[in-house]
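The C-terminal residue of the sequence shown carries number 376 in full-length UniProt numbering, and the numbering is unbroken.
Don't take every hint at face value.
[What the hints assert, rightly or not] No farther apart than 20 Å at their CA atoms in a straight line, the calculated lysine to aspartate or glutamate pairs in the EDC-like style are these: (1) K304 to E326; (2) K349 to D333; (3) K344 to D255; (4) K298 to E348; (5) K257 to D323; (6) K70 to E15; (7) K270 to E316; (8) K320 to E208; (9) K304 to D323; (10) K70 to D7; (11) K298 to E316; (12) K84 to E8; (13) K70 to E158; (14) K320 to E360; (15) K344 to D281; (16) K257 to D210.
Think of the hints as simulated: they come from the structure by calculation, not from any bench.
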Amino acid sequence: QFEALQDELERRREECIQLRTVLANRAHDLRSLTQTSYGKDVDILNEDGELALAYQTQKQINRQLEEELKTEKSRHRETESEYKGELERLRRDNERQQKLLSQNLTKGEGFNPEALLQSEIMRLTSENLNLQGQVDSLTEQLKKYKRSLKAYAKKLKEAGGSGSKRSSAQGSPYGGDPPDLLDVAATNEGEVMPVIRKKERDYMGMFEYDRREEMQIIRVLIYELKPRVAVTFLPGLPAYILFMCIRHTDHINDDEKVRSLLNNIVNGVKRVIKKRHEDLDSTVLWLSNVLRLLHNLKQYSGDKAFQAENTGKQNEQSLKNFDLSEYRQVLSDIAVWIYNGVIKLMEEKVQPLIVPSILEHEAIAGLSGNKPGGMR
């Protein structure tokens with residue numbers, strides 16, 4: 001590698017010499033052409049200052065090339081010094097090991113491999129010490145970060161009581177300490193930033209979406225939802241999200257939007273059930289979600305029959321503009337259809353197990369011995 005770097009450096013040096021020669025030849029040719037074409041009236045060529053501008057441009061280009069060459073030389077020198085140091089270290093290590101090996105081989109029958117093993121142990125020990133140093137450095141950084149984290153956690157925990165401390169403090173005629181002593185406290189571990197408190201707010205329980213995003217919502221919540229993923233959610237979460245979308249369409253009173261959303265929900269559930277009708281997990285998943293959506297539509301429909309056990313807040317969140325009773329009937333029919341499919345699928349799975357279970361059944365001794373004969 002060192003020889004390759006030397007060759008590269010020599011090649012760069014020859015290229016620089018060639019470039020300078022070419023520039024000198026071009027300048028000489030330009031002067032010769034000027035004298036041949038204009039004779040003694042050389043000033044005619046430079047009447048607009050073009051030669052001066054070209055000369056300055058050429059000087060800048062040459063200066064830039066020289067800077068690049070210097071940078072390249074400096075980089076090569078640094079790389080060369082690193083390679084030389086690495087080669088020197090490897091050479092010394094190689095000489096040491098060869099010397100040790102030759103000494104052990106010249107001993108003949110009295111050859112003792114302990115010295116060679118000792119050398120390897122020393123080398124491994126040195127490497128382990130370097131690694132241990134790195135581990136210690138990283139451990140110190142980890143401890144520092146943990147201390148900072150504890151300080152932030154402590155400040156966040158105590159932030160709730162700072163308001164009461166401010167009101168009860170009597171250290172000044174203004175009724176408490178200055179704000180910077182209460183909210184911007186500093187600990188030994190480091191500076192703690194001021195705490196940002198969120199105000200309490202009432203959520204409307206709606207999900208706003210654009211009409212162009214409707215199919216994407218249906219695709220994510222219905223088509224691509226897998227049972228193994230849905231089991232990690234809150235029970236009935238897809239149904240709740242869809243109902244929040246329905247509530248938003250009712251809030252903005254967009255009948256076309258709510259009709260499109262409900263039709264896509266119904267068609268999406270039907271398509272998923274038809275495609276995965278042999279998957280018990282998928283059918284049970286959508287049986288529960290369809291029932292959850294149906295119950296939400298009933299509970300928040302605004303009908304008196306479904307508001308008996310609602311709270312005042314729930315009654316305020318009822319649908320204001322749409323009567324979705326026909327869609328409730330459609331969802332009810334879909335739920336019955338899915339339920340029948342689940343029962344049929346379970347019968348098909350259980351049927352092959354019934355006869356072997358009856359044949360292999362063994363009565364527990366003494367369990368039916370005291371029963372009358374007519375009950376056996």
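Status of each hint after checking the structure:
1. K304 to E326: holds, 17 Å
2. K349 to D333: Cα-Cα ~25 Å, so violated.
3. K344 to D255: With a Cα-Cα distance of about 38 Å, the restraint between K344 and D255 is violated, given a limit of 20 Å.
4. K298 to E348: Answer violated: K298 to E348 is near 34 Å, above 20 Å.
5. K257 to D323: Answer holds: K257 to D323 is near 14 Å, not above 20 Å.
6. K70 to E15: holds, 14 Å
7. K270 to E316: violated, 32 Å
8. K320 to E208: holds, 17 Å
9. K304 to D323: This hinted pair holds, its Cα atoms lying about 13 Å apart.
10. K70 to D7: Holds, because 17 Å separates the two Cα atoms, which is no more than 20 Å.
11. K298 to E316: Judged against 20 Å, a Cα distance of about 14 Å means the pair holds.
12. K84 to E8: Between K84 and E8 the Cα gap is close to 16 Å, so the pair holds against 20 Å.
13. K70 to E158: violated, 60 Å
14. K320 to E360: Measuring from Cα to Cα gives roughly 61 Å; hence the hint is violated.
15. K344 to D281: Holds. K344 to D281 sits at ~14 Å (cutoff 20 Å).
16. K257 to D210: holds, 10 Å
Of the numbered hints given earlier, the model fails hints 2, 3, 4, 7, 13, 14; all others are met.
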